[in-house]
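A.B. asks: Model the full structure from these sequences, guided by the hints.
There are 2 protein chains.
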Amino acid sequence: MSITLADVEAAAERIRGQAVETPLIESPALNERLGRRVLIKPETLQRVGAFKFRGAYNRLVQLTPEERTRGVVAFSSGNHAQGVALAAKLLGIPAVIVMPDDAPSVKVEGTRGYGAEIRFYNRLTGKTREEISAEIAAERGAVVVPAFDDPHIAAGQGTVGLEMVRQAQARGDTLGTVIAPISGGGLLAGIATAVKALSPQTAIVGVEPAGYDDTLQSLQKGERVTVKPGAPSLCDALQSPFPGEITFPVMLKTVADVATVTDAEVTEAMRYAFSVLKLVVEPGGATGLAALLAGKVQPYGEGATGLVLSGGNVDPDLFARVIRGEL
Amino acid sequence: MSITLADVEAAAERIRGQAVETPLIESPALNERLGRRVLIKPETLQRVGAFKFRGAYNRLVQLTPEERTRGVVAFSSGNHAQGVALAAKLLGIPAVIVMPDDAPSVKVEGTRGYGAEIRFYNRLTGKTREEISAEIAAERGAVVVPAFDDPHIAAGQGTVGLEMVRQAQARGDTLGTVIAPISGGGLLAGIATAVKALSPQTAIVGVEPAGYDDTLQSLQKGERVTVKPGAPSLCDALQSPFPGEITFPVMLKTVADVATVTDAEVTEAMRYAFSVLKLVVEPGGATGLAALLAGKVQPYGEGATGLVLSGGNVDPDLFARVIRGEL
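Listed in order, the protein sequences are those of chains A and B. Numbers given in this note's numbering equal positions in the first sequence, counted from 1, plus 881. Numbers given in this note's numbering equal positions in the second sequence, counted from 1, plus 881.
Hints are not guaranteed to be accurate.
[What the hints assert, rightly or not] The list that follows gives simulated cross-link-like pairs (lysine to aspartate or glutamate, EDC-like), each with its CA atoms no further than 16 Å apart:
{"no.": "1", "chain 1": "B", "residue 1": "Lys1008", "chain 2": "B", "residue 2": "Asp982"}
{"no.": "2", "chain 1": "A", "residue 1": "Lys970", "chain 2": "B", "residue 2": "Glu913"}
{"no.": "3", "chain 1": "A", "residue 1": "Lys970", "chain 2": "A", "residue 2": "Glu990"}
{"no.": "4", "chain 1": "B", "residue 1": "Lys970", "chain 2": "A", "residue 2": "Glu913"}
{"no.": "5", "chain 1": "A", "residue 1": "Lys970", "chain 2": "A", "residue 2": "Glu998"}
{"no.": "6", "chain 1": "B", "residue 1": "Lys970", "chain 2": "B", "residue 2": "Glu948"}
[What the hints assert, rightly or not] Stretch-level coverage of chain A by chain B, calculated; a stretch enters the list once three of its residues show a Cβ under 8 Å from a Cβ in chain B:
{"no.": "7", "region": "897 to 909"}
{"no.": "8", "region": "917 to 930"}
{"no.": "9", "region": "1152 to 1161"}
{"no.": "10", "region": "1197 to 1208"}
Hints are computed from structural coordinates only; laboratory data are not their basis. Please read all numbers here as calculations on a predicted model, not as lab measurements. Here a beta-carbon is modelled for each residue, glycine too, at the ideal position from N, C-alpha and C.
C.D. replies: Here's what the structure looks like:
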């Protein structure tokens, strides 16, 4: 089961008027700093502050009336949680979200604010989030909404790439490279599907945080590799220990390179986004910018570099420490 | 001497390719909170992090070759300073900037970073900034570039309004109200000139910080009023004690209402911009949002509310204190 451009285009139709069509913006200061033109896709400006609303809405709007009555269950550190919670609220569907007990409180509060019921779990002990979700699904007959390993979710996230290509074209630009973060690969596989279909010469580059380079290792090995979970990382949103069963084959076919960034590179990028771009970006959302600022992504081909800033849900205290240079 | 739509359109031609055409963005969460549609113009994403680059470039690019050689001098708490400094750098013009000794260090560093020479003054004692600037101008034969009371400056700032009307039209929207902050009135007079010419039914609303409601008082009295300088305010960018000689008559003809906001309302708006909009906004830049969140601006006529977030140059320490709720 793979996804196609037609799936992404259908998703774009379904989310129209619900998701924000985020702009494609350019910073002359960033261009000058990098010596290359960068077209920024700030999904920080998306509903719930991250691209995740796109996939969640695309999945939930396709549930049958009977499925909608029984509700949905999802597990997530916070952005998928909020995406599912808001989509469920808009569609009148009950939602239970299984969240790690160390999820950023801004994400917990956001999820609760959209009316979802929250169940906490511990990342390292007790039942896994998959087990808890399966139990809830069994009890209630609820549909499990995966964070990435679902063709409708990945197709929804792919609308980011569809918009990037079309917005670049409307400006008279082409994209030599598109950079986006990888957790389970829903965003990158979705983007790659759309971008490669519309602009085959564009190189797709993923970025993972240090300690979670499962996709890089998997691509090198040609099969899905699981990394040891629990490595410390500021990137709460990117801690999937393996690429998805559906997303990995897409990435294997389309991804030109994967960069890995450290926490120090990520906080440097968050400070740059604050002080120069004037954008609030969470750690995981800043990984692409971090890779660029650290010189870890070469420019491929002709044309501008498309950069996805995937989310901006960061606790005020963490953000304050980062911009003060304490982290 | 007044300004016309043709002046603003000419300014738009001059700054094309130099200034950023900032997008018009919409936040469903803000719309829901206010019960009205708001189209946000984030001039935080402009070069130098504030709209001021528009007017400065429009003024400097019109200097004669001989004037360019002698250089320019400007006084500003920081955003006009950076706008003039960058425009001067791009055009190869020497620039001296007279800044208050309590200007935010992010603005001082920015101005210095663009290669301008800085002279400090004290807001309350010693020579005024006007006197110091006049001396430098006399010594060097430099051209003084006013922050607001200049038709080319105001016309340049007016391109914000021109873009807002056109971008709203391109989305199929009309603007019932446009809200922007007032210091000396260059931005608001420029915006009003463009907006009223293209969309006469749109109401123009200004916002001033408490203690600096000189424009409100002037409009009520029908003549320019000077307020006592030195009132404490977080809005370093909006501390002009009087409206401009050129900008005031424009505002008198066009402005429907002026709201006044407190520091507490401003910090609340900055927190909202951080946590919901994911935008970094400085105190003065957040006054329009503050007025909306505080219910101080009624919706006029049909159509959406256009909101200018005019700048995002804020020291990390101040921003950290605001988002932590310490201010």
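A.B. asks: If a hint holds in the structure, say so; if it doesn't, say that too.
C.D. replies: Now the hints, each set against the structure:
1. As the CA atoms of Lys1008(B) and Asp982(B) are separated by approximately 13 Å, the hinted pair is consistent with the 16 Å bound.
2. A distance of roughly 14 Å separates the Cα atoms of Lys970(A) and Glu913(B); the hinted pair therefore holds under the 16 Å criterion.
3. Restraint check for Lys970(A) and Glu990(A): satisfied, since their Cα atoms lie roughly 15 Å apart, inside the 16 Å limit.
4. A C-alpha spacing of about 14 Å is found between Lys970(B) and Glu913(A), which places the hinted pair at or below 16 Å, so the restraint holds.
5. Of the supplied pair hints, the one linking Lys970(A) and Glu998(A) holds, its CA atoms being roughly 11 Å apart against a limit of 16 Å.
6. With a C-alpha separation of about 15 Å, the suggested pair Lys970(B) and Glu948(B) falls inside the 16 Å cut-off, and the hint holds.
7. Counting residues of the region 897 to 909 of chain A whose beta-carbon sits less than 8 Å from any beta-carbon of chain B gives 7, enough to reach three: the coverage restraint holds.
8. Counting residues of the region 917 to 930 of chain A whose C-beta sits closer than 8 Å to any C-beta of chain B gives 5, which meets the bar of three, so the coverage hint holds.
9. Residues of the region 1152 to 1161 of chain A lying with their CB closer than 8 Å to a CB of chain B number 8, which satisfies the three-residue condition for coverage.
10. Check result for the region 1197 to 1208 of chain A against chain B: holds, 8 residues qualifying (beta carbon to beta carbon below 8 Å, three or more required).
Figure legend: structure checked against the earlier numbered hints; every hint is met.
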